Amino acid sequence: MTALLVQTLNGLAAASSLFLVAVGLSLIFGVTRIVNFAHGSFYMLGVYIAYSVATYFGNAFGFWGGVLAAGVAVALLGVIVEVAILRRIYAAPELLQLIATFALVLIIKDAALYIWGPEDLLGPRAPGFTGAVEIFGRPFPTYDLLLIVLGVAMLFALTTFIKRTRFGLLLRAATEDREMTDALGVNQKLLFTAVFALGCFLAGFGGALQLPREPATLNMDLNIIADVFVVVVIGGLGSLYGAFVAAVIISLVKAYCIGLGNVAMFGVEFEFSKLTLVAEFIVMALVLVFKPNGLFGRPFSHPRASEVIETPIGKPSNVQYATLLVGLMLAASLPLVFDEYTSVLATDVLIFALFAASLGLIIGTAGLGSFGHAAYFGLGAYGAALAAKAGFGFAPSLVCGVALSLTASIVFGWFCVRLSGTYMAMLTLAFAQIVWSIVFQWDAVTGGSNGIVGVWPPELFSDRDNFYWLALALCGAGVLFCWWIVYTPLGYALRASRDSQVKAHAIGLSVMRLQWAAFALAGALGGVAGAIYAFSKGSISPDVSAIPRSVDALVMVLLGGINTLLGPVVGAAVFTWLQDTLARSTEYWRAVLGAIILLLVMVFPKGIVGSIQSLTASMKKRSAA
Amino acid sequence: MKTKSFLLAALIAAVGLPASAQSTIKIGEINSYKAQPAFLEPYKKGWELAQDEINAAGGVNGKKLETIFRDDNATPGDAVRVAEELVSREKVALVSGTFLSNVGLAVGDFAKQRKVLFIASEPLTDKLTWATGNDYTFRLRANTAMQTAMLVPEAAKLNKKRWGIVYPNYEYGQSAANWFKKYMTSQSTSGIEFVEQAAPLGKIDAGSVVQAMLDAKVDAVFNVTFGADLQKFVREGNTRGLFTNRPVVSLLSGEPEYLDTLKDETPAGWIVTGYPVMEINTPEHKAFRDAYQKKYNDYPRLGSVVGYATVKSIAAMLKKSGSTDVAKMQGAMKNLEVMSPFGKITWRAQDHQSTMGAYVGKLAKKDGKGVMVDWRYVDGKTVQPTDDEVKRLRASAK
Amino acid sequence: MTPALDILGLKKSFGGVAAVKGIDFNVNAGEAVALIGPNGAGKTTCFNLINGQLKPDAGSVSLFGENITSRSPEALFRAGVARTFQITATFATMTVRENVQLALMSHNGSATKVFCFATSQHAARADVLLNDVGLQSQSSRPCAELAYGDLKRLELAVALANDPRLLLMDEPTAGMSPQERDGLMQLALTVCRERKLALLFTEHDMDVVFKFADRIIVMNRGRLIAQGRPDEVRANEEVRKVYLGSTHV
Ligand SMILES: Nc1ncnc2c1ncn2[C@@H]1O[C@H](COP(=O)(O)OP(=O)(O)OP(=O)(O)O)[C@@H](O)[C@H]1O
Ligand SMILES: [Mg+2]
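Protein chains in written order, with my numbering: chain A, 58 to 682; chain B, 4 to 401; chain C, 502 to 750.
Keep in mind that the hints were calculated from the coordinates and are not lab data.
Mixed in with the good hints there might be a few duds.
Unchecked claim - Listed below are several chain A residues computed to face chain B (Cβ distance under 8 Å; list not exhaustive):
(1) Leu178
(2) Gly188
(3) Asp201
(4) Arg270
(5) Asp396
(6) Val401
(7) Tyr590
(8) Ser598
Because the structure is a prediction, the values reported are computed rather than measured.
Heads up, the beta-carbon is just placed ideally off N, CA and C, and yes, glycines get one too.
The following block holds chain A by itself, in its conformation from the complex (with noise of 0.2 Å):
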């Protein structure tokens, strides 16, 4: 009894800066609507300035100087991120903002290579606050006790700060309602610059709060950042409360299956504490199934800039035939012009246009959010692999890959269809993690961490041209039927369902259903994408269906252009090749590819595809008038 009570005071210590964390992302989210991937870079930074501070100065003035000189500095650049990027790409689709943000975490991570170095930096502790204190006969960290203080202080402080303040009352107003803040005149790129300001201070903060706990290390970012999203959401979008309710939730779920250990229950021994691998996770299916717009959230009216931009579509016009049939013989003619290895690169490149393509029909066609794509790419790529060991034939295991990713997104669909928004988004990422952690720990059947070997291709294929020609008929066919699906009844269907809900439903559409029909497809063609990788690489591992895989296909559609046919294949193509390239050719490839990304945002805000036709568009009529 006595450990659990232990147990619970180290949850709410670890609640506490993850509650802070949290609540900037979750004020960042409720006033602009951007999803700030960056946010885990920002309370690396807090970390890694509180650290330096700390050490410059070795005394308690340096720690506690530190700390707040980490929410300082990290708010300071809060404000040159959102002033000079992220203001000016406000008008741009939904989501675009989240590559920029993507680029950044890239760019903020090189940076503190550059600065910090490789190794991990274990800071001082806190002083004043370097021993124990014993609780229910146990040692427990005073400065334990000083994060549980502080948490709940700050929780305090914010919502008074909130209740009280001219600033807090357009805060509140903007989260709930925005054409409120239009009316009340308010100068509305200020309220955003402070609000993310106030946002990356508290993450800051809260990572120097980490230092005497953890060491600085270059993994803070994503290893956080997850956490942080999954605290938001399940404590609903745009709640302190929640944020604090859900912080604390998650930290004492896994305090406790750490607490459990190993229990023998039904004669099997089970170990809890490997739960806490995908704890919060769980946690937030569970909510969102039952609460669809979490704990304390309110339904979110809409999304800013939510006005899709595409031009109708009719029917694929002669040109674009004669464009297509020409791309198509360029594509199949390249391994004859080419060198065997542009065979590899650009079998990638076909793969991941069609796990982009597939995406872009879930995010673009429907309107859809979608965080947790890779699902559907591992199951599939496992699907095939696992088909392949048991002895089955070539073909036979892409089906039974592709098999799986159906059926695993007609179940997960049906969940997520139920929700809107960002909560859907999250929802995807909440099954996608639970996949992900399944194939990581099931080594008896999926080789755990370490994969699966030796999914090869028949020997035809194993030249690398032949695979890439299979690739092109399997992937290009996968691609052509996302396009075809655009033309059809049901991609009108589903563009109706995105365009105007009400509507929908007024003229007899079945709009969830309709939602179902496209995430199970678009999961389908993503196993398809999944299953082909696994046998263009041999080898397979649990990061088929990690978050990174997931970000890079939306980085792809988002970059290529949402609501765009061709946006998705342009985007895996640049964003693959790009990648191969800086990684080959630059020491620090990793912040190059997130500058160009910002530059590519910037120069064009629909997307590469979508600012080269609205151009071209603007042009004709310009020319016609």
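Chain A is fixed; fit chains B and C with the ligands onto it per the hints.
The following block gives chains B and C with the ligands in isolation, referenced to the frame of chain A:
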């Protein structure tokens, strides 16, 4: 080379000319440079030091060694693509490197499929040379089973009944925990109990884990965590008194990569495997350390040794084979003897595992820094399973 | 004769606000009925309750004697209910014709086909409907470019695509010139008479109401305060009070 467009490379390939003048031997090196810089930056330095030494001495078989470094983005898929590039476009004689076990296994399987030689330097998974071992894959570093076996005699000597095991929740941690349980159970006459804590890699909730160990009333701890998890575990353990009167046996914690970070937090008395870099004064290590310090104005880390020994092994192999023919190189790798900074190592024929060992000793604090004391070198060949066992383990491999 | 639409004791509140407080009325086939009342009276809420967009707290809605309370909008569309929206709702990324075609596809149960081009479906019929509402010249324009009045017309064409038995029009002529209003309402009335469909519309323009409605139902603050022939309603004291200051009445 980089600035030349791939069109040119393609043209050359198309006419069937050899891609480069044959005055150098190209080695393809694949690693997670961006994902694991703490290990791999010193690794690359060690690598380049060895290559410079060899080339300064005239190279191998009259040719200079040239390494093409590639980042694998820490994913097996990218690693395989990069390997394709190295083999087909750069025409490297062999591929080498890798840090993560899943990446190592993927490149190993690629090597088998494409019939190229792969010298894995760092990945620790047992499977690389056993369950999924193959004719084309060789590995330098002592695998997880060997690393664990080095500590088992010390752990057994402690005569403790109830062991807490803390490990990162992925294959390396699971495998180490399993070997430990297996070896310990087979060593002891009275029953031994184990209490396990699996922590997500890089995200250990150290306070809770330490608390759980205390509540479980363990007599001793076997630690497998490393990196950030280790630092967190140590600090919480120190604060909460987990390590007072409770011996700890710990994998890899004596490596400078980790001790440098722990500094005055270093838990004295832990029995660890590691690398007491400043105290090994064998001629071969002293020469290595001096050369490294001279070139980089920094002391070597374990990564430096791994990179250095990999290149030295490759050079020795090439000298022995006298050619870059794959079959000849495969043959030369078997029973190859090389002088490494840790002394002479042998690349075993039966499982393609080198006998490079590690140092076992105790942690201590000296001038606010962590050091290893009472250490001794454990030769890798003394902690290998029997040849019969190896044969059985490799049975499923082809 | 069973009325086309029969409403009994319909109630709906949002949190604390009671928007519709128990009302009864009916509409017969071939009859045009106007539902009027000041802003916030509960007219749109009534429409939302009838076409299934909202679920009533109490009461029932019957269509030709069949209880259709709380059915989904999709199901009611199949049952022959069509509506237009006060705040126009169209599919902005499609052309005018495509909007109508999609409604036709849905009506014919072919909106989930995947082996044909959407734009080849029911093109001729769509053109007829667009011609009826006077949008033939705009049929290939992106819907996002249309003027407000044209959007209203498009909404009517889309609603008629369902060949409805009950047509609900929420302020169909807002934003139109007087001539346009008459044209549109005349069309709706013709369809109503010819196909014997029940037409229920809300309207703030009293000229339109008195000119086209066979019967008028007046709501205020969620209650039905009067109903009857236009001249009866015009004479009603309470209606006059509600519309005090409004010179139209
Ligand atoms: N979704 C909703 N949530 C909360 N209140 C609502 C909602 N919809 C309508 N109301 C309220 O119900 C009442 C009736 O609104 P309704 O839109 O039905 O009026 P109306 O008669 O159509 O008015 P108008 O002539 O302005 O269109 C109003 O007080 C309105 O604020
Ligand atoms: Mg209304």
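Enumerate the violated hints, using their earlier numbering and listing them in ascending order. Violated hints: none; all satisfied.
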